[in-house]
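Peer 1: Sequence:
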Amino acid sequence: MSSFRFFVGLHQTCDAQHFVHSFVSVNRLRNRKADFWVNDWIMDSGAFTEISKHGRYRESTDEYVKQIERWRRCGHMLAAVSQDYMCENWILEKTGLTVADHQRLTIERYDAIQSKTTMYIMPVLQGFDPQDYVTHLKAYGDRLKQGMWVGVGSVCKRNGDPQAILKVLRAIKEVRPDLRLHGFGLKVTSLLDPRIHELLHTADSMAWSFAARSRNRNPNDYQEAKDFEKRILDMHRR
Numbered sequence: 001m002s003s004f005r006f007f008v009g010l011h012q013t014c015d016a017q018h019f020v021h022s023f024v025s026v027n028r029l030r031n032r033k034a035d036f037w038v039n040d041w042i043m044d045s046g047a048f049t050e051i052s053k054h055g056r057y058r059e060s061t062d063e064y065v066k067q068i069e070r071w072r073r074c075g076h077m078l079a080a081v082s083q084d085y086m087c088e089n090w091i092l093e094k095t096g097l098t099v100a101d102h103q104r105l106t107i108e109r110y111d112a113i114q115s116k117t118t119m120y121i122m123p124v125l126q127g128f129d130p131q132d133y134v135t136h137l138k139a140y141g142d143r144l145k146q147g148m149w150v151g152v153g154s155v156c157k158r159n160g161d162p163q164a165i166l167k168v169l170r171a172i173k174e175v176r177p178d179l180r181l182h183g184f185g186l187k188v189t190s191l192l193d194p195r196i197h198e199l200l201h202t203a204d205s206m207a208w209s210f211a212a213r214s215r216n217r218n219p220n221d222y223q224e225a226k227d228f229e230k231r232i233l234d235m236h237r238r
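Taking the numbering used here as reference, the numbering of the sequence shown is continuous, increasing by one, and the terminal residue is 238.
Just so you know, these hints were derived from the structure itself, not from any lab.
Computed from a predicted model, the values in this text were never measured in an experiment.
Treat the hints with care, since some could be wrong.
[Said to hold, decoys possible] Below, in silico cross-link-like pairs of lysine-lysine (DSBU-like), each with a Cα-Cα straight-line distance of 30 Å or less:
1. K138 / K167
2. K94 / K167
3. K167 / K187
[Stated by the list, open to error] Each pair of labels, with its calculated beta carbon distance range:
4. T117 / R56: 17 to 27 Å
5. R217 / G96: 22 to 32 Å
6. D101 / Q17: 33 to 43 Å
7. H11 / R231: 28 to 38 Å
Glycine included, each C-beta is placed from N, C-alpha and C at the ideal position.
Let the hints inform the model, and build the full structure from the sequences given.
Peer 2: The following block contains the structure:
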């Protein structure tokens, strides 16, 4: 049986109680006052929203660490994702920077965050072409210890082409087969591709919400997420 774990992306923090594994953005927590019920979960840094809308992080690494420390007492936070910089062309146009700049900034943020907390901070590999990810992998150097759990960024917009995602994952695994890879924001086409899921340790997705909206159903109904989760896990149990 596969050891793959799927983390359901959620809009509403109150829905996390219904899932064994949840993926919750810090953007959903900043204005929250009370604790919430959750089991195993990953806290996302909200990178996509911050960089795509603002071209930068409005929150310092110190402020992000405060959020990590505030919410880690809820349930079992397995990891907090580092504040990475995506590398799609339209994102680069937004920031006016290069892939190399985004890779450097991603590592700088990782160093700053993980030095200030004992929580596991998930480093993120960034790039666009497969070789970019290898370059970034090497730039991390000895930060990436044997068997570390590492995110693979800038893949969610390639879900229409699983082959492109596959090339990125294979390029990383050829250099570091020991790394346990996490796929961010994958959709059904990629999640159900056996070649892709064999290379992943974990993944998250909110594709259930987009699918519900496109079918004129409630995009915030956790039962939609439950049905989606079952479909993905049934595939990975085969």
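Peer 1: Taking the hints in turn, state whether each one holds.
Peer 2: For each hint, the structure was consulted:
1. K138 / K167: holds, 17 Å
2. K94 / K167: holds, 26 Å
3. K167 / K187: Distance ~17 Å between K167 and K187 Cα, so the pair holds.
4. T117 / R56: 17 to 27 Å: Holds, at about 22 Å.
5. R217 / G96: 22 to 32 Å: The hint (22 to 32 Å, Cβ to Cβ) is violated, given that R217 and G96 are roughly 40 Å apart.
6. D101 / Q17: 33 to 43 Å: holds, 41 Å
7. H11 / R231: 28 to 38 Å: violated, 19 Å
In terms of the numbered hints stated before, the structure departs from hints 5 and 7, listed from lowest to highest.
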